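> Can you make the complete structure from the sequences, with help from the hints?
Protein chains: 2
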Amino acid sequence: MSASEKIWTAGLVIIGDEILSGRTHDKNIAQVASWLQVQGIRLAEVRVVPDVQEKIVEAVNALRADNDYLFTTGGIGPTHDDITVDAVAEALGVEVVIHPTARGILEKYYADKGGLNEGRLRMARVPEGADLIPNRMSGAPGIRLGNVVLMAGVPHITAGMLDALTGELEGGAPLITETIGCWVAESEVANILREAEQAHENCQIGSYPFFREGRVGANFVIRSTSKDDLQSCIDTLCDGLSTAGYDFTPGGI
Amino acid sequence: MSASEKIWTAGLVIIGDEILSGRTHDKNIAQVASWLQVQGIRLAEVRVVPDVQEKIVEAVNALRADNDYLFTTGGIGPTHDDITVDAVAEALGVEVVIHPTARGILEKYYADKGGLNEGRLRMARVPEGADLIPNRMSGAPGIRLGNVVLMAGVPHITAGMLDALTGELEGGAPLITETIGCWVAESEVANILREAEQAHENCQIGSYPFFREGRVGANFVIRSTSKDDLQSCIDTLCDGLSTAGYDFTPGGI
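Residue numbers (our numbering), protein chains in the order written: chain A, 1 to 253; chain B, 1001 to 1253.
None of these hints come from the bench; they were simulated from the model.
Since this is a predicted model, take the numbers as computed values, not measurements.
Just so you know, not all the hints are guaranteed correct.
As the list claims (entries may be wrong) - With a Cα cut of at most 27 Å, we get these calculated DSS-like pairs of lysine-lysine:
#1 A:Lys27 to A:Lys55
#2 B:Lys1006 to A:Lys55
#3 B:Lys1027 to B:Lys1055
#4 A:Lys27 to B:Lys1055
#5 B:Lys1027 to A:Lys55
#6 B:Lys1027 to A:Lys27
#7 B:Lys1227 to B:Lys1006
#8 A:Lys55 to B:Lys1055
#9 B:Lys1055 to A:Lys6
#10 A:Lys6 to A:Lys227
Spelled out as structure tokens, the structure:
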């Protein structure tokens, strides 16, 4: 990676009392993070906040100031606790308006399901100036306003919205990763890891220990935007492990 | 809940590039949240930050200023990317010291595994003044300094540390919840939900839609610290659903 190459980053705000209560296990962090990597955008921070407007506004403003993109999941449904649109409009300093295309989508979707009502019409509300993100699953669209992207909280609907956004966002070189697995306590090889990372400033090495089959092991994940630097770091790491007498498994264990 | 009753809250900082890369699916938010509820402490916000000291310091200071407790998971292992202790010590303005009891635990644990080395000794480092949280799983203890609690990132080790802390923290009345399930599109009953919540200021109602067996449905989760208020809110909600002609399932679907 040259010094001038821009690293694109995103923040993610997850809106939902159900995550903070422990009732619902979050699945969106991992799927948004994995999707962003392929777009060449790095997930830099996640905040999980309750269904409280001032908390959402605060998190949205903090993370969009620090990053190229700001994603939210949750709180764009039809019920009283769905306040993401209001909070993001406040954060951006714009009005909430009914998006005519969204209204049309919802009218059609609900035509044989009892028609539009006050709650359902809420899902056509957007911050003024926003575009829609198609939702093949359940009618109500996601919302994009420049570098701010509002998605559903239900993971398979979120996934559909990410699909619709694929290739639409400007990013940098995707981060590439390789994994080296080793049946060793990570504490035995901490020096080898540190030295390999320090010798390659464009690479990071993460160490992820595990206990399996009654033995301790670890996967070492090497990350870089440069294929050459990545390979050089892997070579240094593997040389270090070999010299110290450890076998390792390319691809991880 | 009387107006004077204190609501105890906690913030959680999850430290780990592996979560932000999408490589590892977080399991700690849900388990920490559920455990806190039983202690009468509400999880108010979560931040997931990378293995970067200034980012950890910033998140720790923001969330401990806003809450009664601050928990962290991750980054207390033996490798170069384990910097939580350094970051929390910086946030608290104290030195990092070797805790003699932690050193003793690790010496014993590693006695037949090659002994202590530089990496392993890192796991005896604590912010000055801290106490230890026992770790039955893998030797290296968690750390507690007043209302700041540092735990491992590997979920089953985190679970053991939460066990060890059970009953040790002051909290308030536990939040109690009941669920009412209904085979209805939540958008059909948004008004009923909003009115039931507005009539009970000590209760929150969350609406969690799902698609199953080719049909739409939703679970309505009612939360309160008062059993009486909770029951009254449930009664209002169920009356509203009945009057509108919907069947519902106490306990949820």
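> If a hint holds in the structure, say so; if it does not, say that too.
Here is how each hint holds up against the structure:
Taking the CA atoms of lysine 27 (chain A) and lysine 55 (chain A), the gap is near 21 Å; set against the 27 Å cutoff, the hint holds. Pair hint lysine 1006 (chain B) plus lysine 55 (chain A) holds up; C-alpha atoms about 20 Å apart against a cutoff of 27 Å. For a cut-off of 27 Å, the pair hint linking lysine 1027 (chain B) to lysine 1055 (chain B) stands: about 21 Å separates their Cα positions. The hinted pair formed by lysine 27 (chain A) and lysine 1055 (chain B) meets the criterion: a straight-line CA distance of about 23 Å does not exceed 27 Å.
Of the pairs offered as hints, the one joining lysine 1027 (chain B) and lysine 55 (chain A) holds, with about 23 Å between alpha carbons and a cut-off of 27 Å not exceeded. Using a Cα cut-off of 27 Å, the hinted pair lysine 1027 (chain B) and lysine 27 (chain A) holds, with the two alpha carbons roughly 9 Å apart. With a C-alpha separation of about 17 Å, the suggested pair lysine 1227 (chain B) and lysine 1006 (chain B) falls inside the 27 Å cut-off, and the hint holds. The straight-line distance between the Cα atoms of lysine 55 (chain A) and lysine 1055 (chain B) is roughly 19 Å, inside the 27 Å bound, and the hint therefore holds.
Between the alpha carbons of lysine 1055 (chain B) and lysine 6 (chain A) the distance comes to roughly 20 Å, so the proposed pair stays at or under 27 Å and holds. Restraint check for lysine 6 (chain A) and lysine 227 (chain A): the C-alpha separation of about 17 Å stays at or below 27 Å, so the hint holds.
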